[in-house]
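Chains A and B supply the protein sequences, listed in that same order. With the numbering used here applied, the first sequence corresponds to residues 1 to 104, in that order. With the numbering used here applied, the second sequence corresponds to residues 1 to 90, in that order.
Hints are computed from structural coordinates only; laboratory data are not their basis. Remember, it's a predicted structure, so these values are computed and weren't measured experimentally. Glycine is no exception: its CB is placed at the ideal position from the N, C-alpha and C atoms. Incorrect hints may appear among the rest.
Cβ-to-Cβ under 7 Å is the rule here; a few derived chain B residues that face chain A [claimed, not checked]:
id	residue
1	R54
2	P68
3	C69
Distance condition first, Cα-Cα at most 20 Å in a straight line; then the derived SDA-like pairs of lysine to any residue [what the hints assert, rightly or not]:
id	chain 1	residue 1	chain 2	residue 2
4	B	K36	A	D27
5	A	K68	B	K23
6	B	K73	A	G89
7	A	K68	B	K73
8	B	K43	A	P61
9	B	K43	A	G60
10	A	K33	B	K81
11	B	K77	A	P31
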Amino acid sequence: MIILTDENFEQEVLKASQPVLVDFYTDWCIPCKPMALIVEQIAQNYKNQIKVGKFNIDEGPQIAARFKIEVIPTLLFFRNGQVIDRTRGVMPYPVLEEKIKQYL
Amino acid sequence: MEEDVVEKIIENYKKYAEKNGFKLNPNKQVVESLIKGLLTREKKYGARYCPCRRVTGNKEKDKLNICPCPEHKKEIKETGKCYCGLFIRP
């Protein structure tokens, strides 16, 4: 799990050679906590196929604005520097896993 | 000191919830975490903005995200709780 910031986002996400899943959150957001655990599981189970990172929107206003993050948790899926899907709110592991499989 | 502020906000939210026909989440850990988030954001951005939404810097737009936000009553009615989980249906 990579800690993403306004500074490393371009290199770690937009220029990544593999698909990237980014979890946008804040420390105080209660619905973000179960989502973070599920994303962590995805990171472990798909570590050789997908890059996974988390982004605190209170610490990275530029990227959060650029990708129009409004409500969190929001997940963005990137491939070749482009957003290919986005979700908001908590989703169960199997639902997220289905999406991941679709994008591999 | 901050604990006193948190307790006072909890009391005020309890009264607000009762007055409006719903209640504060009985999970105190959840409520305290959300309120600490609101206070942190108040220090950082100047108002108690919902910790589950982005502060955009546009005061008019962000005003809609000050807790309790305009959607909370609709969300409680439809899903049993507001998005953040601060208020729930009795």
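Next item on the list: So, B:R54 near chain A? Judge it on the closest CB pair being under 7 Å.
Entry: Interface hint status for B:R54: holds (5 Å vs cutoff 7 Å).
Margin query: Would the hint linking B:K36 and A:D27 be met if the CA-CA limit is 20 Å?
Written below: Satisfied, since the Cα-Cα distance of roughly 10 Å is no more than 20 Å.
Checklist line | A:K68 paired with B:K73 [C-alpha distance capped at 20 Å] | finding: violated (25 Å)
Check: If you draw a straight line from the CA of B:K43 to the CA of A:P61, is it 20 Å or shorter?
Finding: It holds: about 16 Å lies between the C-alpha atoms, which stays within 20 Å.
Next item on the list: May I ask you to test the interface hint for B:P68 with respect to chain A, counting a Cβ-Cβ separation under 7 Å as satisfied?
Entry: It is violated, given that the least Cβ distance between B:P68 and chain A is near 15 Å, above 7 Å.
Next item on the list: Assess, step by step, whether the Cα of B:K77 is no farther than 20 Å from the Cα of A:P31, and give holds or violated.
Entry: holds (18 Å)
Next item on the list: Below or equal to 20 Å on CA atoms is what counts here, so check B:K73 against A:G89.
Entry: holds (18 Å)
Next item on the list: Please work out if B:K43 and A:G60 have their alpha carbons no farther apart than 20 Å.
Entry: holds (17 Å)
Next item on the list: Verify the interface restraint on B:C69: the C-beta must sit less than 7 Å from at least one C-beta of chain A.
Entry: Violated. Min distance 10 Å.
Check: Is the hinted pair A:K33 and B:K81 satisfied, with a Cα-Cα distance of at most 20 Å?
Finding: holds (17 Å)
Next item on the list: Would you mind confirming whether the straight-line C-alpha gap from A:K68 to B:K23 stays at or under 20 Å?
Entry: This hinted pair is violated, its Cα atoms lying about 32 Å apart.
Of the hints listed earlier, those the structure fails to meet are numbers 2, 3, 5 and 7, in rising order.
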